[in-house]
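Residue numbers (this note's numbering), protein chains in the order written: chain A, 1 to 263; chain B, 264 to 556.
Be careful, since some hints might not be right.
[Said to hold, decoys possible] Listed below are the simulated SDA-like cross-link pairs for lysine to any residue, each with C-alpha atoms no more than 25 Å apart in a straight line:
no.	chain 1	residue 1	chain 2	residue 2
1	A	K231	A	V22
2	B	K349	A	Q57
3	A	K109	B	R435
4	B	K349	A	P89
5	A	K240	A	S189
6	A	K109	B	L538
7	A	K109	B	K349
8	A	K109	B	L447
9	A	K109	B	N430
10	A	K109	B	V398
For the record, the hints were derived by calculation from the structure and aren't laboratory data.
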Amino acid sequence: MPVAAPALEVRGLTVERGGRTVLDDVSLAVPEGDLLGVLGSNGSGKTTLFRAILGMQACWKGQVLLFGRGPGEFGPIVPLIGYVPQSVPLDPNFPASVRDVVAMGAIPKRLARAGEALVGGGDARRRARGPGEAADAALGAAGLSHLAERRIGELSGGEQRRVFIARALVKDPPLIILDEPVAGVDAESQEQFYDVMGGINDERGITVLWSSHDMEAMEGRAKSVACLDRKLLFHGPCGKFFADGRAVGAYAESAAHAAECHR
Amino acid sequence: MPPLRGAAVLEALSYGFMQKALVSGAAVAAVCALAGLFLVLRRYSLFGDGISHVAFGGVAAGLFLGVLPLWTALAAAVAGGLGLQKLRSSTRISGDAATAVMLAAGLAAGVTLVSASGGFSVDVMGFLFGSILLVGDWDAAAMVAVSAAAAAALLAMRGRLAQVAFNEELARLSGVNVALTNYLFVVIASVVVVTSMRLVGILLISALIVIPNVTAMMLGRGLAQTAAVSVSLAVAAAVCGMLLSYYLDLAPSGTIVLLSLAAMLAVAALRPGRLGRLLRRGPARGPPAAAAA
Numbered sequence: 001m002p003v004a005a006p007a008l009e010v011r012g013l014t015v016e017r018g019g020r021t022v023l024d025d026v027s028l029a030v031p032e033g034d035l036l037g038v039l040g041s042n043g044s045g046k047t048t049l050f051r052a053i054l055g056m057q058a059c060w061k062g063q064v065l066l067f068g069r070g071p072g073e074f075g076p077i078v079p080l081i082g083y084v085p086q087s088v089p090l091d092p093n094f095p096a097s098v099r100d101v102v103a104m105g106a107i108p109k110r111l112a113r114a115g116e117a118l119v120g121g122g123d124a125r126r127r128a129r130g131p132g133e134a135a136d137a138a139l140g141a142a143g144l145s146h147l148a149e150r151r152i153g154e155l156s157g158g159e160q161r162r163v164f165i166a167r168a169l170v171k172d173p174p175l176i177i178l179d180e181p182v183a184g185v186d187a188e189s190q191e192q193f194y195d196v197m198g199g200i201n202d203e204r205g206i207t208v209l210w211s212s213h214d215m216e217a218m219e220g221r222a223k224s225v226a227c228l229d230r231k232l233l234f235h236g237p238c239g240k241f242f243a244d245g246r247a248v249g250a251y252a253e254s255a256a257h258a259a260e261c262h263r
Numbered sequence: 264m265p266p267l268r269g270a271a272v273l274e275a276l277s278y279g280f281m282q283k284a285l286v287s288g289a290a291v292a293a294v295c296a297l298a299g300l301f302l303v304l305r306r307y308s309l310f311g312d313g314i315s316h317v318a319f320g321g322v323a324a325g326l327f328l329g330v331l332p333l334w335t336a337l338a339a340a341v342a343g344g345l346g347l348q349k350l351r352s353s354t355r356i357s358g359d360a361a362t363a364v365m366l367a368a369g370l371a372a373g374v375t376l377v378s379a380s381g382g383f384s385v386d387v388m389g390f391l392f393g394s395i396l397l398v399g400d401w402d403a404a405a406m407v408a409v410s411a412a413a414a415a416a417l418l419a420m421r422g423r424l425a426q427v428a429f430n431e432e433l434a435r436l437s438g439v440n441v442a443l444t445n446y447l448f449v450v451i452a453s454v455v456v457v458t459s460m461r462l463v464g465i466l467l468i469s470a471l472i473v474i475p476n477v478t479a480m481m482l483g484r485g486l487a488q489t490a491a492v493s494v495s496l497a498v499a500a501a502v503c504g505m506l507l508s509y510y511l512d513l514a515p516s517g518t519i520v521l522l523s524l525a526a527m528l529a530v531a532a533l534r535p536g537r538l539g540r541l542l543r544r545g546p547a548r549g550p551p552a553a554a555a556a
């Protein structure tokens, strides 16, 4: 039996913007079912990495493969991926309910089939379910069923983050990408968010890429860690990262440097 | 002023011109509100104004050339709508500046051509301020048919339109062809604007597009409910406005818009604070959580 391609493979990814190197020769492979914490301070290239993976980054060198397929075939694959950007500009008066926003994440069956033909697998449940049922299931998974009829603008920041995770879940994605999902959210909401994130990886086997600058949050939650400071400083199992004084030190140093630059 | 009685309503309804006006006016009001929801959600409320003034240029060109002004208006409106969308998406000109330019260009061309073809006639005034009570059989049938087709197209596209209005980047990542959706929508909205010229006239079209939606956004929960409320309010204002204008011998267009405004203010009084928030809508920002990060 052939070995399945990793969910994501990045080889020698280099991105330059405005004469500055934003990502420098980053290579990593993420097996299916992984929960990878992308650890990096502000400006370390986390968002750029995600944008390159999703085909939203214009100029880059290197190679990005999703489920073994190159950018030429990203058209049908990218819509399958669940993506929660760092911030979604939101008009508080937009009259959409939470359920409306979650249902917007659904993709047309034709597109889902085209993507699954390339990625493989596919989810029999999705085809059996109507869009309304899928939205309800996603709301349940994100712990939002009681807020379904509320207007999106009435929710707290933490609740809104979970709405966007539910929106990403509604299409049963094989891979979900969360860019700084809990930035600025209070501690209790962060815990709720991490529970949801752990659940979709554990129970549903969805590969998760999750970026944060919070090293403590990654300990015990991520399965593996990729530490980024334009270059890849470390990539390996989570336990190994925290046992490796040098890797932790390198991150602490880059974080301190970033804080210095930000001041 | 004659008393408003049930018998008087029946009398008005017995006139052929009134029946045609009510049916075609209600159809146009409904589709204007529906298209308007997506315009308001996209902060493109003045699109209707821009396009209607371009359509006025088209009307004047038709009168000048001696061809049916409705067709030249339609051609001008669709071309203007596509031009606006192009300006908005591929240049650094902001949407409101592009709309202002388009509006001025349409009106200037219109005024010049009207003066060249003999000045402001009854026809021209009808296009400027509406002439729903003068609608003929074929016009009424055409207004209903075009409204129904536009409404069907908007409903078929509602999912994509909502996604694009909510967030273009997320829509694109979900596989929506954002550019195509935008262009199709602009064409439909331009056709809707031209169709509604007979009801309220070029100068009041944006009221038909914006006001019922502002009211509905204060009331509705969820997109479907907001759309239903907006369409119901628009139809009610159109029908009541036409009947009232008949009794009081007023201009139907102004009466319809004033009724629509009255409904908006009544809802605003019941829901204090909501209207202010809606009208203050600044540029979209990230959620409080993300903004704080």
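The hints, checked one at a time:
no., hint, result
1, K231(A) to V22(A), "holds, 9 Å"
2, K349(B) to Q57(A), "holds, 23 Å"
3, K109(A) to R435(B), "holds, 16 Å"
4, K349(B) to P89(A), "holds, 23 Å"
5, K240(A) to S189(A), "violated, 28 Å"
6, K109(A) to L538(B), "violated, 39 Å"
7, K109(A) to K349(B), "violated, 31 Å"
8, K109(A) to L447(B), "holds, 22 Å"
9, K109(A) to N430(B), "holds, 21 Å"
10, K109(A) to V398(B), "violated, 45 Å"
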